[in-house]
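Colleague: Read off the chains here:
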Amino acid sequence: MSEAAVRLGRPGWSIRRALGVVVLLAALAAVPGFANNYYLEVLSEAWFYVLLCLGLNIVVGFAGLLDLGYAAFFAVGAYTAGIVTLRLGLSFWLSLPISVVAASIAGVIIGGPTLRLRSDYLAIVTLGFGEMVRISVRNLAVTGGASGLVGIERPTLFGYHLDSIGAYYYVFLLLAVLGVVASHRLENSRIGRAWKYVRSDEDAARAMGINHAMVKLAAYILGAIFAAIGGCFYAAKMTAISPETFTFNQSLLILLGVVLGGRGKIPGVILGALVIVIFPELFRDVGSMRMLVFAISLLLIMLFRPAGIWPEKWR
Amino acid sequence: MKKGVILAAAGLLALGLADAGPARAAEITIGAQVPTSGSEAPYGIDMLNAIRMAAGEINAKGGVLGEKIDILPGDSACDPQAAVNAASKLVSQGVTGVVGGYCSGATLPTLKVYGDAHVPFVITASNSTELIGANPGNAFMINSTGFDQVKTAVNLFKARGIKTLAIINEGDAYSANLAELTRTAWEKLGNKVVDYEVVSKGQQDFSPVVTRIRQRNPDAVFWTAYYADGALLIKQLRQGGYAGMIALGDGNNSPKLFQLAGAAAEGVFCFSNPTANFLPEAKTFIENYQKQFHQPPGPYSALSYDGMMLMAHAITVAGSTDRMKIIAALKQTDNFPGISGPISFTPQNTLARSNFVVLLAKGGQWTLYTGPGAPGAK
Amino acid sequence: MPLYEVLLQQLANGLILGSFYALVALGYSMVYGVIKLLNFAHGDLYMVGAFAGFGVLSLISGWVGGGWGGIVPAILFSMLAVGVLGVIIDRVAYRPLREAPKLSVLITALAVSMLLENVALAFTGGQYTAFTTSLGFAGINLGMVHVTWTQMVLVGTSVVLMVVLELFVSGTRHGKAMRAIAIDQDACRLMGIDVDRTIALTFLIGSALAAAAGVLAGVYYGSINFFMGFLIGLKAFTAAVIGGIGSIPGAMLGGILLGLLEAFGTQIPGVGSEWKDVFVFAFLILFLVFRPTGLLGQPEVERM
Numbered sequence: 001m002s003e004a005a006v007r008l009g010r011p012g013w014s015i016r017r018a019l020g021v022v023v024l025l026a027a028l029a030a031v032p033g034f035a036n037n038y039y040l041e042v043l044s045e046a047w048f049y050v051l052l053c054l055g056l057n058i059v060v061g062f063a064g065l066l067d068l069g070y071a072a073f074f075a076v077g078a079y080t081a082g083i084v085t086l087r088l089g090l091s092f093w094l095s096l097p098i099s100v101v102a103a104s105i106a107g108v109i110i111g112g113p114t115l116r117l118r119s120d121y122l123a124i125v126t127l128g129f130g131e132m133v134r135i136s137v138r139n140l141a142v143t144g145g146a147s148g149l150v151g152i153e154r155p156t157l158f159g160y161h162l163d164s165i166g167a168y169y170y171v172f173l174l175l176a177v178l179g180v181v182a183s184h185r186l187e188n189s190r191i192g193r194a195w196k197y198v199r200s201d202e203d204a205a206r207a208m209g210i211n212h213a214m215v216k217l218a219a220y221i222l223g224a225i226f227a228a229i230g231g232c233f234y235a236a237k238m239t240a241i242s243p244e245t246f247t248f249n250q251s252l253l254i255l256l257g258v259v260l261g262g263r264g265k266i267p268g269v270i271l272g273a274l275v276i277v278i279f280p281e282l283f284r285d286v287g288s289m290r291m292l293v294f295a296i297s298l299l300l301i302m303l304f305r306p307a308g309i310w311p312e313k314w315r
Numbered sequence: 316m317k318k319g320v321i322l323a324a325a326g327l328l329a330l331g332l333a334d335a336g337p338a339r340a341a342e343i344t345i346g347a348q349v350p351t352s353g354s355e356a357p358y359g360i361d362m363l364n365a366i367r368m369a370a371g372e373i374n375a376k377g378g379v380l381g382e383k384i385d386i387l388p389g390d391s392a393c394d395p396q397a398a399v400n401a402a403s404k405l406v407s408q409g410v411t412g413v414v415g416g417y418c419s420g421a422t423l424p425t426l427k428v429y430g431d432a433h434v435p436f437v438i439t440a441s442n443s444t445e446l447i448g449a450n451p452g453n454a455f456m457i458n459s460t461g462f463d464q465v466k467t468a469v470n471l472f473k474a475r476g477i478k479t480l481a482i483i484n485e486g487d488a489y490s491a492n493l494a495e496l497t498r499t500a501w502e503k504l505g506n507k508v509v510d511y512e513v514v515s516k517g518q519q520d521f522s523p524v525v526t527r528i529r530q531r532n533p534d535a536v537f538w539t540a541y542y543a544d545g546a547l548l549i550k551q552l553r554q555g556g557y558a559g560m561i562a563l564g565d566g567n568n569s570p571k572l573f574q575l576a577g578a579a580a581e582g583v584f585c586f587s588n589p590t591a592n593f594l595p596e597a598k599t600f601i602e603n604y605q606k607q608f609h610q611p612p613g614p615y616s617a618l619s620y621d622g623m624m625l626m627a628h629a630i631t632v633a634g635s636t637d638r639m640k641i642i643a644a645l646k647q648t649d650n651f652p653g654i655s656g657p658i659s660f661t662p663q664n665t666l667a668r669s670n671f672v673v674l675l676a677k678g679g680q681w682t683l684y685t686g687p688g689a690p691g692a693k
Numbered sequence: 694m695p696l697y698e699v700l701l702q703q704l705a706n707g708l709i710l711g712s713f714y715a716l717v718a719l720g721y722s723m724v725y726g727v728i729k730l731l732n733f734a735h736g737d738l739y740m741v742g743a744f745a746g747f748g749v750l751s752l753i754s755g756w757v758g759g760g761w762g763g764i765v766p767a768i769l770f771s772m773l774a775v776g777v778l779g780v781i782i783d784r785v786a787y788r789p790l791r792e793a794p795k796l797s798v799l800i801t802a803l804a805v806s807m808l809l810e811n812v813a814l815a816f817t818g819g820q821y822t823a824f825t826t827s828l829g830f831a832g833i834n835l836g837m838v839h840v841t842w843t844q845m846v847l848v849g850t851s852v853v854l855m856v857v858l859e860l861f862v863s864g865t866r867h868g869k870a871m872r873a874i875a876i877d878q879d880a881c882r883l884m885g886i887d888v889d890r891t892i893a894l895t896f897l898i899g900s901a902l903a904a905a906a907g908v909l910a911g912v913y914y915g916s917i918n919f920f921m922g923f924l925i926g927l928k929a930f931t932a933a934v935i936g937g938i939g940s941i942p943g944a945m946l947g948g949i950l951l952g953l954l955e956a957f958g959t960q961i962p963g964v965g966s967e968w969k970d971v972f973v974f975a976f977l978i979l980f981l982v983f984r985p986t987g988l989l990g991q992p993e994v995e996r997m
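Residue numbers (the numbering used here), protein chains in the order written: chain A, 1 to 315; chain B, 316 to 693; chain C, 694 to 997.
In silico SDA-like cross-links for lysine to any residue, where the CA-CA straight-line distance does not exceed 25 Å:
#, chain 1, residue 1, chain 2, residue 2
1, B, Lys503, B, Gly559
2, B, Lys427, A, Asp285
3, B, Lys516, C, Val812
4, B, Lys507, C, Gly963
5, C, Lys795, A, Asp201
6, B, Lys516, A, Asn249
7, B, Lys516, C, Val973
8, B, Lys427, A, Phe34
9, B, Lys427, A, Tyr160
10, B, Lys516, C, Gly958
11, B, Lys376, B, Lys606
12, B, Lys507, C, Gln960
Hint data in this document are derived by calculation from the structure and do not stem from the laboratory.
Using the sequences provided together with the hints, build the complete structure.
Modeller: Here you go:
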């Protein structure tokens, strides 16, 4: 994107670039035509993590705030979908707006107390929040306790029952694309510039009249909404959710994707999400050592690309 | 630059997915869906070892239908998404059947994956009742369910004159369910659960819980999670001066408990499938396992061994590797002689008759308990 | 058991638990203080330390027996070996990223943690290893409260190690250099302080302390495994933050406080133990909101 476009706050589109994107999307849309279910499972998971990483990127990349409890928002979305369909017997589609509201509230709850804190204390507060959410859903009856919620209805869209991995491939691809577009728009919006200002110099930003508290809260809330919407569809795809999915390790994995790819840079974050999903799958044939190989490759990537695979140019 | 990176990413994708080729010819491949990474790896590896051992023994005797069995591990990592990936990969590799299934939460979503591909699946550890409803008909559970275990446990407590109970679990689906079911059944009888504790997985220090238990002084303590942390709890309970009865759930039936808990394990009760030294086959199993892997079998090793043997048996009965025929053969299973007891299935593909027994730790090993409250004893 | 004895016993439990947390938290806090890195691999060094100590003890227990005669050399060797490992990790994984964004180093630390965990998994086949010693269960009784000699030695060792560390950091030239680097690395370079060497020294000491805690835990609990560093790493991190991360007395205080909090947390009437951790974290968050730099941390203006 050209510098001028950034300044104007509008995405700049050259014909070549638009063409490239169209060809890429067409190729990705054609995948279910020839790929087997394993490819589709892995790729769906990859698109899903693209969405999660993009959401966390708003907090970590754009606004420069550390978050070690992002899985909590993912849990909020998944459990909202589960409760809306199973406990309330309502349509799955209702869970989308409800989860957006729930995630916004969660975003305020986690964002509120953290506004005064330095980044490292932010780390423990967000970690604590993530654990509190996980333990709460594990203990509450409405969330099904330790075994979670089972038998979540898969939704129907325009008379088409989303009941195959092929369908979820498209769902998550669409979500990822929407995530990219939304991230892009946010990045180049007024608030996007405010995030980056606060990130690089909070005091200067405040002096310039930016309401840093509102700006930070907005980052948490918007990031949370990405994860919550993803979580709803995750619940629909898996048809069962349990607290063990939303651990501290899950939060770390998503953070890993963001930083590994290059936080703040949308294509970098996409790449990072693909790496965290596809690398462990790549190494499946290594057998029980696969996570060892994964760890070594992560280390190498970070050593050779300290700012991420495809970093943003700042600082 | 941008195109280059996108191309690189696409190349990476292609590379990552290209290796899932079809299964090797002239061999029967069986998938082993167990966690081999993460915190649950110890239990998964216990199961994988046993499945490999069973396949080795079958192959040494000439294989099944004249062909060798090849085991393909699929790491479920105890995570639903990882398990679904593992399962779809096994399916894409053309496995004839799958044995394993640990962590009910991870096993659950794989039922549909195998169901859609009509792959027979013998579940050897997961025993959540949620699995029953979600089973499309191709999965067979050879572990008894939590209900059976609770019945066995409550009978024992009653017969041993226990009035007050403390229940401790680790907050995972398996141990929390067992704890919850026991609490409900116990309170329904008009008895009291004086302490109900949830500890963290991997916790080493139970002293606060031990002190609390000494304060409440229950007649019995029931630990519903697994042996590794259970061994520490037993030790600390005894060192802390608790003298009452200690009972353990079926995740503790491993000789490894004695390595970790030492003398403190003496006199402890454990509910289990009858894997110990009572059947001659079981004895050889433990010896062979020890010889091959230089460690005693884990709590679900014997069941996993049985699962593999059952799968081979079903393939033989089916007379081909036609998956539908194997599923039909599994359904017809009638008193298959497993080392953890005879296996037959209910119409819902669960174990027809609970084989639960009560074990008593004596002299550093598990012995069959036949005193008051033992199953079958009057 | 009468209530006062219960509370006394919980006090003992909390102190013992807390001294483990404190030992591990010290390393966290030191490394953070000097290079502002949350070293997520620190808990895994505790695990490696336990295995190193176990290895030495099983080698030499034939000659010196499984008592303190074997345990002390095991601890010393493990501290040395893991200290060196800590220095190597810093040299290979962290030093090249000294100028990189802090978050990148954090991710590198995660990768190192995963690496150590999975190497240990590969070596042990995931098996829990029994750490057998010949330490008895003798001790002193205060009513129904029983404290063993082993427990007293454990707490004593931790306290001694912490005091030595505090004296080292506050009293020696190297300690002064560490504190100086924490304030301004570039100025230190200009003043002729060998920054990389001092940082390496920090890793040596922090890792050695984690190793000591690991061996002591193995001796005390009698069972070690590849995953044992995860939970305590998390707890030690929490302890370091409560105390004020970067502060050595803070880490000690935070560790002990967390230990006591956990011990007495089980005694809170009317709260099911399944909710205990929720309360601990809620307490922690509220505490940080009102005291954003922890108990003994320095207020600081910073940019990420």
